[in-house]
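Going line by line, the protein sequences match chains A and B.
FYI, in my numbering the residues of the first sequence are 1 to 115.
FYI, in my numbering the residues of the second sequence are 1001 to 1111.
The set of hints was computed from the structure by calculation and includes no laboratory data.
Please note that a few of the clues may not be correct.
[To be verified] Listed next, the stretches of chain B that the computed footprint assigns to chain A, with coverage defined by at least 3 CB atoms under 8 Å from CB atoms of chain A:
no. : region
1   : 1018 to 1028
2   : 1041 to 1047
3   : 1091 to 1101
[Said to hold, decoys possible] List time: in silico DSSO-like cross-link candidates among lysine-lysine, alpha-carbon distance up to 27 Å:
no. : chain 1 : residue 1 : chain 2 : residue 2
4   : A       : K14       : B       : K1042
5   : A       : K101      : B       : K1042
6   : A       : K101      : B       : K1068
7   : A       : K101      : B       : K1063
8   : A       : K57       : B       : K1042
9   : B       : K1059     : A       : K101
10  : A       : K101      : B       : K1069
11  : B       : K1057     : A       : K101
Ideal placement from N, C-alpha and C gives every residue a C-beta, glycine not left out.
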Amino acid sequence: DTGVSQDPRHKITKRGQNVTFRCDPISEHNRLYWYRQTLGQGPEFLTYFQNEAQLEKSRLLSDRFSAERPKGSFSTLEIQRTEQGDSAMYLCASSNWDRVKYEQYFGPGTRLTVT
Amino acid sequence: EDQVTQSPEALRLQEGESSSLNCSYTVSGLRGLFWYRQDPGKGPEFLFTLYSAGEEKEKERLKATLTKKESFLHITAPKPEDSATYLCAVRPGGGAQKLVFGQGTRLTINP
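Pulled out of the complex, with its shape left as it was, chain B reads as follows (with noise of 0.2 Å):
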């Protein structure tokens, strides 16, 4: 069964205090591992796509990298306004459709 497990499932940073998420995920036939961040109340909003190991995306203080069993997203230098839940999700292959996400970390960034 596809699965997607994120950790830590809670991340309390000092404003400028660089850390990372992961994300692992056991898939038949991966089609792609997205990123997104959902704000309290909100609709997720898409992130990053990564489509094949060693691949790495990067928009303003984040950075997603993909192995053939996790991914990570680094974030460098947070700021409060980067406080939200970063949600991972796998497209599996075989033609599905939907997307497998994980829990999501909650990331509270501190001034």
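Pulled out of the complex, with its shape left as it was, chain A reads as follows (with noise of 0.2 Å):
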């Protein structure tokens, strides 16, 4: 039984500098989600794919954030040009569709620094 997988686990990375990572979801889910969360605080929301469409972004995701899901299994996140303040742990999250049950399974997460 394989959960959500992400990689890499940790990135540091000098600010300016392009960062890319990769979130493979449950096998058989559809959905999938990628959330941001720093120290003390909990996820907090930034999009959501249905197969392979986009259906949902938050304002936190600025013009340079970028999230794919070109075949509808794995997704990536990109950030371009990062600053400190993108120091956060990234996470992804998969779920099924279900009427009735509505769980998302999160992945161990990307941790990025800044410097």
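Using the hints, put the two standalone chains together into the complex.
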């Protein structure tokens, strides 16, 4: 039983560099979500995919952020021109469509540090 | 605006000392309330979903309850391995797919 996986687990980058994170959801799940979590806070929603379609984006997702899910399987989140304020844990979650149940299962996260 | 507030922010208990964590919410059309456990440096682990007032769910030493304005996570006779941050989240109505999280309660169980 494989859960949600994320790669890399840790990333240290210099301000102004671009970074890309990958998420592999649970295999039968068609919905995928990205969240960001800073220290001492709960996760904040960034964006949501159903299959390959990006259907919802938060105002937190500035123009420097882009997410894709090209074949409806794995997803990537890219941050361009990173800033120190981008330092956070980036979490991916997945779920399956169910009219009654709505449970999102999270991956281990990617910890980003911008120096 | 949809909002979730958890209290207390941190709680220290002795092993075996039962207590409750609170999650208050204001949301437009609740479509579910969720409890997660998060260990340091890891992603949240799903515990429970509650959908309607009066509903209760149990798992080992944990029991979650739901009213129209808040949810409680009761922990009975906790053990040190129950130490973690417990997160509460709501799914708003209106077709939203996101979860709105509270800031969490950091629970420490001393042996």
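| Any hints this thing doesn't respect? Which numbers, in order? | The structure breaks only hint 1.
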